[in-house]
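There are 2 protein chains.
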Amino acid sequence: MSKFAVLGHGVVGSGTVELFNMNRELIHKRQGIDLELGYILDIRDFPGLPYSDKFTKNIDDILNDDEVTVVAEVMGGVHPAYDFVLACLNKGKSVCTSNKELVAKKGAELLRAAKEHNCNFMFEASTGGAIPVLRPMHTCLAGNEITRIAGILNGTTNFILTRMIEDDMDFADALKLAQDNGYAEKDPTADIEGHDACRKICILSSLAFGRHVYPEWVHCVGISGITIEDVAYADKAGYSVKLIGSVECVGDKILPMVAPRFVPKSCELSSVSDVFNGIMLYGNGFDQIMFYGKGAGKLPTASAVLGDVIDCAKKSGTDMSGFWEDSADNSFIADYKTQTVRKYIRAAGTDRAKVTTLFGDVRFLSRDSAPSDEVAFITSPMTETDIREKCEKLGQVKSDIRIYNA
Amino acid sequence: MSKFAVLGHGVVGSGTVELFNMNRELIHKRQGIDLELGYILDIRDFPGLPYSDKFTKNIDDILNDDEVTVVAEVMGGVHPAYDFVLACLNKGKSVCTSNKELVAKKGAELLRAAKEHNCNFMFEASTGGAIPVLRPMHTCLAGNEITRIAGILNGTTNFILTRMIEDDMDFADALKLAQDNGYAEKDPTADIEGHDACRKICILSSLAFGRHVYPEWVHCVGISGITIEDVAYADKAGYSVKLIGSVECVGDKILPMVAPRFVPKSCELSSVSDVFNGIMLYGNGFDQIMFYGKGAGKLPTASAVLGDVIDCAKKSGTDMSGFWEDSADNSFIADYKTQTVRKYIRAAGTDRAKVTTLFGDVRFLSRDSAPSDEVAFITSPMTETDIREKCEKLGQVKSDIRIYNA
Chain A
-2 MSKFAVLGHG VVGSGTVELF NMNRELIHKR QGIDLELGYI LDIRDFPGLP
48 YSDKFTKNID DILNDDEVTV VAEVMGGVHP AYDFVLACLN KGKSVCTSNK
98 ELVAKKGAEL LRAAKEHNCN FMFEASTGGA IPVLRPMHTC LAGNEITRIA
148 GILNGTTNFI LTRMIEDDMD FADALKLAQD NGYAEKDPTA DIEGHDACRK
198 ICILSSLAFG RHVYPEWVHC VGISGITIED VAYADKAGYS VKLIGSVECV
248 GDKILPMVAP RFVPKSCELS SVSDVFNGIM LYGNGFDQIM FYGKGAGKLP
298 TASAVLGDVI DCAKKSGTDM SGFWEDSADN SFIADYKTQT VRKYIRAAGT
348 DRAKVTTLFG DVRFLSRDSA PSDEVAFITS PMTETDIREK CEKLGQVKSD
398 IRIYNA
Chain B
-2 MSKFAVLGHG VVGSGTVELF NMNRELIHKR QGIDLELGYI LDIRDFPGLP
48 YSDKFTKNID DILNDDEVTV VAEVMGGVHP AYDFVLACLN KGKSVCTSNK
98 ELVAKKGAEL LRAAKEHNCN FMFEASTGGA IPVLRPMHTC LAGNEITRIA
148 GILNGTTNFI LTRMIEDDMD FADALKLAQD NGYAEKDPTA DIEGHDACRK
198 ICILSSLAFG RHVYPEWVHC VGISGITIED VAYADKAGYS VKLIGSVECV
248 GDKILPMVAP RFVPKSCELS SVSDVFNGIM LYGNGFDQIM FYGKGAGKLP
298 TASAVLGDVI DCAKKSGTDM SGFWEDSADN SFIADYKTQT VRKYIRAAGT
348 DRAKVTTLFG DVRFLSRDSA PSDEVAFITS PMTETDIREK CEKLGQVKSD
398 IRIYNA
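One line per chain: the protein sequences are A and B, in this order. Counting from -2, one number per residue, gives the positions in the first sequence under the numbering used here. Counting from -2, one number per residue, gives the positions in the second sequence under the numbering used here.
Keep in mind that a hint or two might mislead.
Note: identical chains are not told apart, hence a pair may lie in one copy or across any two.
Restricting the straight-line Cα-Cα distance to at most 27 Å, the calculated cross-link-like pairs of lysine-lysine (DSSO-like) are [unchecked claim]:
hint	residue 1	residue 2
1	K103	K26
2	K250	K102
3	K183	K102
4	K311	K112
5	K88	K0
6	K26	K102
7	K112	K26
8	K112	K312
9	K26	K250
10	K26	K51
Please keep in mind that the hints were generated in silico from the structure rather than gathered at the bench.
Whenever a hint applies, use it, and build me the whole structure from the sequences.
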């Protein structure tokens, strides 16, 4: 018998309890482990549930119960989650979390606490929801040097872009549809400005390269500037517009970024649509691998939390988490402005001759019923700084979007 | 220091050594484990290699070296691989293998031997090559009931079908191209008749449902009967033709199968092209997850072998393999002929009226320049037995292909 506790009875917390109750017998039979739900911590009351007797408002009930060896933290936010998680780890209780903000901001510290107390801090649910990616990366793919990661890490923005691509909706209408479907929050800033994807690429980068990458070090561009004109140019040129969280090796530095990209339709990532997530890894042995699935939702997220809980309970007393060191500064982060990139540019009040004079060899794009003074093109590889300088001389630049290097 | 041995210095064996030498320092740094290659077993001589001193022709050198805790078996075939693997496990040495034939035929017995000797038998490389799927399924997804698995499990046949779809090649030309590119063997039977995919779906089924599924219990249809006419009908109707290894729950039984399918283009599996593999899992919590990557090749397969070796070395003395029981008989395998299915049928010497009389409500398909006496259609759901009976009365049935239920 292994006892676990759940901190928070919101969407993910109640989903974790629901999935556990649904599959408990099967888990016992197939995994050989008899898990028991000991406590659910929540400040609210939930009378009338079949497991209402499990609720407590006092974290000490969990901390002081030596039978509880694993704790699922699914409250969200940094406080008080951070204090609770640290207290659990300091007591030698493994913690499994879906809390991307907590991991992106405090991961290195919490991993160290877990190591010091011979327990595990796991967070598969924090990145890609149900999709197994963190554990496979640091176990199954451990024989490789990871050279690049690129992912559609936010389902809300992918839903919005998919509606723009498939239904010719403009951004505002697609956002409203996402809100009406419950995919986007009333205040959608964290999704559409890329902050959510940013936390996830921080976690992936930290795990892949061994040093904590803080969100404020990541160049982050959202999708609120994407128009149906851009989507139309992309489509005709053989691309899909996707919000990509990425990180790659640049010499002895790494370059993490969140930005919309033109993804070639031949690339598997381009077919990841609606609320689905897809995460592509590149390595020197396996070449490329993509993981695809639901990046959010009650039971999908609960699936990842419960998978971590089961593994922690089975391997109690081992140290199997991935690990990374804290970073004193961001000197290992490359400056994106000096890196070579190809970009799609759309501008008004100019012409092709001027584009060629300024940018040299480019690929001009077309779309139906474009105004006569609009030009759209894809540059040759050059630095972001160069592109910006040339754009200033070009005319009214309406959009600039990176090309994904498949 | 952990010492490992490699049995066999063919494509995968030499790739495993190459990848290990390439990434050894990184593995030490990131995984905290100092792996050393102790031996390579091969009956051939390999003079002039930087690691020529590691070769032995005698398995006893490995068996009797107590410092060797992990053995990678990459010889292929059942004999002598089986005897060597069993001997290693009986000595308490963990074994990691890429040998799908060995696992499909002897998996239950070898897993039991590993359990009895407190070591691990792992085989991530046996299914999906580089793609992490077995370990994620029994760890990250352990909180779910797996209800269905469907995968493009053979790169050779997927390459052939992709060329038929994208380049209008007929089967014979596409097969020849695959052979010229080194993707297909001179005798391509094991690939094109589905035997290779069959072994892999046996392994996935056994792991997902806990009982050994032997290849001879699996209904297995290859792709040698697929024509460009079928591919053309599929394309126009919104499908891609793929060879799918699948297993699903049918009441308290399971139904494993290998067969070509019409996969809807909206399904992520349909975009898996060329030599890539894609494996879709369905579960009651995560809903659906797909793993995509290279299913074969020297370094991709080596990546999976080395990932297992690292994990076995790190977790020496634990029992972390997946597990399944042996099966006395196939009474838990459902009879595919009594299960409901929708099928694409193409027939000559008949007409639509006769189709409707026999099959009732169907969806008729069209293609460019079809002969006037050819009909093609998709049936309503009915049993395989019913479909066969009706086909006998229909005329000259040229093709019948299952529809994938996305």
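Results of checking the hints against the structure:
Taking identical chains as interchangeable, the C-alpha atoms of K103 and K26 lie at most 27 Å apart only when they sit on different chains, with a minimum of 22 Å there against 36 Å within one chain. In this assembly of identical chains, K250 and K102 lie within 27 Å of each other by CA distance solely inside one copy; the values are 20 Å within and 47 Å between copies. In this assembly of identical chains, K183 and K102 lie within 27 Å of each other by CA distance solely inside one copy; the values are 24 Å within and 56 Å between copies. Proximity of K311 to K112 under the C-alpha cut-off of 27 Å is found in both arrangements, the shortest distances being 17 Å within a copy and 15 Å between copies.
In this assembly of identical chains, the alpha carbons of K88 and K0 lie at most 27 Å apart only when taken from the same copy (15 Å versus 35 Å across copies). For a Cα distance limit of 27 Å, the shortest separation of K26 from K102 across copies, 24 Å, qualifies, whereas the shortest one inside one copy, 38 Å, does not. Taking the closest pair of Cα atoms, K112 and K26 come within 27 Å of each other only across two copies (16 Å); inside a single copy the shortest separation is 30 Å, beyond that limit. Taking CA atoms no more than 27 Å apart as the test, K112 paired with K312 passes in both settings, with 14 Å inside one copy and 16 Å between copies.
Within a single copy, K26 and K250 get their C-alpha atoms only as close as 47 Å, which misses the 27 Å cut-off; across copies the closest is 17 Å, which meets it. In this homomeric assembly, K26 and K51 come within 27 Å of each other (Cα to Cα) only inside a single copy, at 24 Å, whereas the closest approach across copies is 43 Å.
Violated hints are absent here; each numbered hint is respected by the structure.
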